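Chemist: From first to last, the protein sequence lines are chains A and B. The numbers in this note's numbering rise by one with no breaks, and the one at position 279 of the first sequence is 279. The numbers in this note's numbering rise by one with no breaks, and the one at position 21 of the second sequence is 523.
Derived by calculation from the structure, the hints in this document are not laboratory data. Quick caveat, the model's predicted, so the values are computed rather than measured. We treat Cβ as the ideally placed atom computed from N, Cα and C, and that holds for glycine. Some clues are possibly wrong.
Stated by the list, open to error - Below, in silico cross-link-like pairs of lysine to aspartate or glutamate (DMTMM-like), each with a Cα-Cα straight-line distance of 20 Å or less:
1. A/K399 - A/D212
2. A/K377 - B/E685
3. A/K40 - B/D802
4. B/K570 - A/D119
5. A/K215 - A/E245
6. A/K488 - B/D939
7. A/K40 - B/D943
8. B/K734 - B/E804
9. A/K488 - B/D629
10. A/K202 - A/D212
11. A/K485 - B/D943
12. A/K55 - B/D943
13. A/K445 - B/D901
14. B/K570 - B/D802
15. B/K898 - A/D119
16. A/K445 - B/D526
17. A/K488 - B/D901
18. B/K935 - B/D568
19. B/K891 - B/D568
20. B/K853 - A/E65
21. B/K786 - A/E245
As the list claims (entries may be wrong) - Selected chain A positions facing chain B (in silico; Cβ < 10 Å):
22. V103
23. E112
24. G124
25. L176
26. K404
27. P466
28. L468
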Amino acid sequence: MTTTLEKPVDRPLPYFDDRLIYEKSRIGARAWRVPKNDVKSQPAASYLSGVALRKTPPVLPEVSELEVIRHYTNLSRLNYAISTTFYPLGSCTMKYNPVMNEVAVMLPGFREIHPLQDDNSVQGALALAKRVMDYLAEVTGLPGVTLHPCSGAQGELTALLVCKAYFEDRGENRHLVLIPDSAHGTNPASCAIAGLKPVPVKTGPDGLVDVDDFKSKITPDVACAMITNPNTLGLFESRIHEVAEALHKNGSFLYMDGANFNAIVGVARPGDFGVDMMHINLHKTFTQPHGGGGPGAGPICVCAALEPYLPVPRVVEDKDGYRLEEDAPKSIGRMRGYGMNFGVMVRSYAYMRRLGAEGTRRIAEFAVLNANYLRVKVGKHYAVPYDRICMHEFVASSKKQREKGVHTIDIAKRLIDYGYHPPTVYFPLVVNEAIMIEPTETESKDTLDRFVDAMAKIAQEAETNPELLLEAPVTTPVRRLDEVKAVKEPDLKFNCCVWEPT
Amino acid sequence: MPYVPHTEEDVREMLAAIGVRTLDDLFTSIPKDFRRSGLLDLPPSQTETEVMRDVTDLASWNRNADGKPCFLGGGMYRHLIPAAVDHLQSRSDFVTPYTPYQPEVSQGTLRWLYEYQTMIAELTGLDVSNACMWEGPTAFVEGLRMAASVVNRKKLVVSRGVHPHTRQALRTITKYLEFEIVEIPLGADGRTDMAKLRAAVDDRTAAVGIQSPNFLGVIEDGAAACEIAHGKGALAVGSFYAISLALLASPGELGFDIATGEGQPLGNYLGYGGPSFGFFATKKEFLRSMPARIVGKTVDREGKRGFVLTMTTREQHIRREKATSNICTSNTLMALRGVIYLSMLGPQGLKEVAEQCVEKAHATAERIFASKGCAPAVSGPFFHEFTVKFEQPIEKVRDRLARREILGGIELRRWYPEYSNSLLFAVTEANTKAECDMLVDAAGGIF
Chain A
1 MTTTLEKPVD RPLPYFDDRL IYEKSRIGAR AWRVPKNDVK SQPAASYLSG VALRKTPPVL
61 PEVSELEVIR HYTNLSRLNY AISTTFYPLG SCTMKYNPVM NEVAVMLPGF REIHPLQDDN
121 SVQGALALAK RVMDYLAEVT GLPGVTLHPC SGAQGELTAL LVCKAYFEDR GENRHLVLIP
181 DSAHGTNPAS CAIAGLKPVP VKTGPDGLVD VDDFKSKITP DVACAMITNP NTLGLFESRI
241 HEVAEALHKN GSFLYMDGAN FNAIVGVARP GDFGVDMMHI NLHKTFTQPH GGGGPGAGPI
301 CVCAALEPYL PVPRVVEDKD GYRLEEDAPK SIGRMRGYGM NFGVMVRSYA YMRRLGAEGT
361 RRIAEFAVLN ANYLRVKVGK HYAVPYDRIC MHEFVASSKK QREKGVHTID IAKRLIDYGY
421 HPPTVYFPLV VNEAIMIEPT ETESKDTLDR FVDAMAKIAQ EAETNPELLL EAPVTTPVRR
481 LDEVKAVKEP DLKFNCCVWE PT
Chain B
503 MPYVPHTEED VREMLAAIGV RTLDDLFTSI PKDFRRSGLL DLPPSQTETE VMRDVTDLAS
563 WNRNADGKPC FLGGGMYRHL IPAAVDHLQS RSDFVTPYTP YQPEVSQGTL RWLYEYQTMI
623 AELTGLDVSN ACMWEGPTAF VEGLRMAASV VNRKKLVVSR GVHPHTRQAL RTITKYLEFE
683 IVEIPLGADG RTDMAKLRAA VDDRTAAVGI QSPNFLGVIE DGAAACEIAH GKGALAVGSF
743 YAISLALLAS PGELGFDIAT GEGQPLGNYL GYGGPSFGFF ATKKEFLRSM PARIVGKTVD
803 REGKRGFVLT MTTREQHIRR EKATSNICTS NTLMALRGVI YLSMLGPQGL KEVAEQCVEK
863 AHATAERIFA SKGCAPAVSG PFFHEFTVKF EQPIEKVRDR LARREILGGI ELRRWYPEYS
923 NSLLFAVTEA NTKAECDMLV DAAGGIF
């Protein structure tokens, strides 16, 4: 009988100095110096007489350059990342981030241009943006494109504002949005800001939107519906065109959350099956690296009727070349400071050019192939509630293992010991003990097979030593963390702030 | 095919395991009418070499600021960036993970975010910082939105000195939140007219919003704005230039309740305006109303220190339509550049950068103002960005600047018709003496 959890991966702990950069600080230590001021001038203070100056200087780390290099190099090694391990985080499309894109974005001609330069001095940037727009219009089948939004969530909000502006222009005040109960939380959150009220729609027993329930909720007050397709169960909403037709008959629009676009890109175009607007997470489908939580970008693509309402500035091409258009009478306006997350566009552009027409279709084909292969193989050891051909991801459940007292969280944590980043867990909410797995197209069969082996071994461990699994992970620099303590005794900065929660 | 590793044999075995014959069989849930058999109308696939040639060509069409005199500002500034920033930030184990949902394998990200929150709290002089936002302007908008929800009022009083784009974004984003937005004009010195601000702030006011230095580069009287706001039970929300916080009174010292700002000057390139990051800090009593992600310290089951995402009940994936914000994916990697930058500079380095910005800007401005036909458009105190009103037609001045390949300045009449024939110039430590001389010559009209 085993008494401790074995360490399945013979992986030495990364070097781990627990100290924060502040705890390495020594008064007077320096790393980098600005060149001496060669412009003849007075000391700064003399130019700032009469202005309120800082009384207490900010406390910042005082360390040597080597200390900085070592500190952050070692911190980076504490992360699991796509570059080091399989990362099947469902709904996040953790595909390989081509390294050439990082080289492209660092070209001085891209990184050293200012957003207020004259258009004629940034023709390359605007041309690149326009080509990204043309590509997105082609893959979505929706002609109106803006690259403006900061992220998927802001893309969503932008689209809702565009939709609202359309109706206002017609003197209509529609305020309802139909949203399936399996939707991502940003959908209702974005509605709230756009002054729209979400109306939940049920998911049927087949894991798809209940079309009858949906149709029964269409009233003259419905501005649009927000549907994620494929949905968060990894299933294609195969009656989406019926839903679209019913909405269109009512004068309403269909918004598609493009979070899962990786499943269909190149194979089906949302514009063809009745979608009127969608956002695209370039950090998912178009391989902008996730960066530990961004940056991303959330361009939106819309049908011709909604195009006049898109935000400014807009990239326009005419006989004199490219320019940023600021004045558009029907536009909702500006959503952020400057035009777009340009660096994200550079990476996505390089990726799009690498793929071309054929490679674009291969994304969806192999993402779906990989997901189905895992669904079948993982399904031998775990429950798969909607066990049929899925799209780019599927949702398993630890229902079987729960009988032994092992929950999804334990399986997720144990996967870490096998060297894998866990899948998305406890989402979507419509599945109990959900384990949402999205392998993406860039993973090889060999990687998937090894992952299946780990999942099988964990299922076995859940059978024979269920109580031990609650100990996982055992191979990480820290073990399971007390999240309740973090909330009850907020400590959000170094040294000086534990207080009573208000 | 690029980035798809499968061999033909792999595909055969996998299809067999699934129990289908072809890849197309995997897509039968998509109705036939909408499934495309052929390829889309896109260019053919290219090799890495071909794509690099293409993007290098596109990049070469842009006139960039590398090694050229750049005096453009307006919220985005060209500062020197230590080599360590590019080097460390580009480490793939920082670049390719996602949001640290699984803290045991994300301590790297979580730890530097905790350091980041400490640095931002220190710079702003406030109690708590979130784990970064998208960019400066939207951080400011979120600050005003948060203030409105904290004090439960709907009126926002915002200075016209706030970046015009930020004010435009505020109106777009909050259009349906039934806010009443009142804009306060600037006085002859380019500062917010405090008498008019005082008159506009009343018992219905949720927040006073100002930017300092403001869009004209003028340092505002932040303490007065806070006093006016607090006098009526409103919050004071500010947008600040990060580098200036090393010298100027911190938002906390001035009395601000919420401090936001553009993170780009902290170790990020201009990058045509994005992605950068936004910082956001507030007082501890408002912690639970703060938007975006927050990292907190805790312990693991063995009592070892560790870090986690915390207070997630504020966020959209739990609270849905009642969330404090819809922000989800933020601009984390750009904030990492900020953390490395601040670690490399330290308090002394940052102070020296700030001082040099002030010194070079003021010395250059004085020389321009000494030239014939050049005067400041506004008289208030500035930090590193200043206005010049020209007697000559502005087109002539711009032509002289362009001929010397000088980037900048920004023409003010685009947003402020009252400042006709005026340009806005920013000078930083990155500008050399030779560049400053060129600017003086070009602006001053010496050929």
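Chemist: Compare the structure with each hint and give your call.
Modeler: These are the hints, each one checked on the structure:
Pair hint A/K399 plus A/D212 does not hold up; C-alpha atoms about 30 Å apart against a cutoff of 20 Å. The suggested pairing of A/K377 with B/E685 is violated, with an alpha-carbon distance near 62 Å, which exceeds 20 Å. Distance hint between A/K40 and B/D802 is unfulfilled; the C-alpha atoms sit about 56 Å from each other, more than 20 Å. Our distance criterion of 20 Å between C-alpha atoms is met by B/K570 and A/D119, whose separation comes to about 18 Å.
Between A/K215 and A/E245, the direct Cα distance comes to roughly 10 Å. Compliance with the 20 Å bound is thereby established for this hinted pair. For the hint pairing A/K488 with B/D939, the CA-to-CA distance comes to about 57 Å; that exceeds 20 Å, so the pair is violated. Distance check on the hinted pair: A/K40 and B/D943 sit about 16 Å apart at the alpha-carbon level, within 20 Å; holds. Restraint check for B/K734 and B/E804: not satisfied, since their Cα atoms lie roughly 50 Å apart, outside the 20 Å limit.
Between the alpha carbons of A/K488 and B/D629 the distance comes to roughly 17 Å, so the proposed pair stays at or under 20 Å and holds. For a cut-off of 20 Å, the pair hint linking A/K202 to A/D212 stands: about 10 Å separates their Cα positions. The suggested pairing of A/K485 with B/D943 is violated, with an alpha-carbon distance near 62 Å, which exceeds 20 Å. A distance of roughly 38 Å separates the Cα atoms of A/K55 and B/D943; the hinted pair therefore is violated under the 20 Å criterion.
This hinted pair does not check out: A/K445 and B/D901 have alpha carbons roughly 61 Å apart, beyond 20 Å. Annotation: proposed proximity of B/K570 to B/D802 is violated, straight-line Cα distance about 52 Å (limit 20 Å). At roughly 19 Å between alpha-carbon atoms, B/K898 and A/D119 fall within 20 Å of each other, so this suggested pair holds. The straight-line distance between the Cα atoms of A/K445 and B/D526 is roughly 19 Å, inside the 20 Å bound, and the hint therefore holds.
Among the hinted pairs, A/K488 with B/D901 is inconsistent with the structure: their alpha-carbon atoms are about 61 Å apart, more than 20 Å. In summary, the hint linking B/K935 to B/D568 is supported, as the alpha carbons are separated by about 16 Å, within the 20 Å threshold. Restraint check: the Cα-Cα separation between B/K891 and B/D568 comes to about 28 Å, which exceeds 20 Å; the hinted pair is violated. With a C-alpha separation of about 18 Å, the suggested pair B/K853 and A/E65 falls inside the 20 Å cut-off, and the hint holds.
Taking the CA atoms of B/K786 and A/E245, the gap is near 50 Å; set against the 20 Å cutoff, the hint is violated. With a cut of 10 Å, the hint placing A/V103 at the interface with chain B holds, because the nearest CB-to-CB distance is about 7 Å. Annotation: A/E112 was flagged as interfacial toward chain B, and the flag holds, the nearest CB pair being 4 Å apart, inside 10 Å. The closest approach between the C-beta of A/G124 and any C-beta of chain B is roughly 3 Å, which is under the 10 Å cut-off, so the hint is satisfied.
With a least beta-carbon distance of about 13 Å to chain B, the hint placing A/L176 at the interface is violated under the 10 Å criterion. Given hint, A/K404 at the interface with chain B, is violated; its Cβ is 21 Å from that chain's nearest Cβ, farther than 10 Å. Evaluation of the A/P466 hint against chain B yields a violated restraint, the C-beta minimum of about 18 Å exceeding 10 Å. A least Cβ separation of about 14 Å between A/L468 and chain B goes past the 10 Å threshold, and the interface hint is therefore violated.
When held up to the earlier numbered hints, the structure conflicts with 1, 2, 3, 6, 8, 11, 12, 13, 14, 17, 19, 21, 25, 26, 27 and 28 and fits the remainder.
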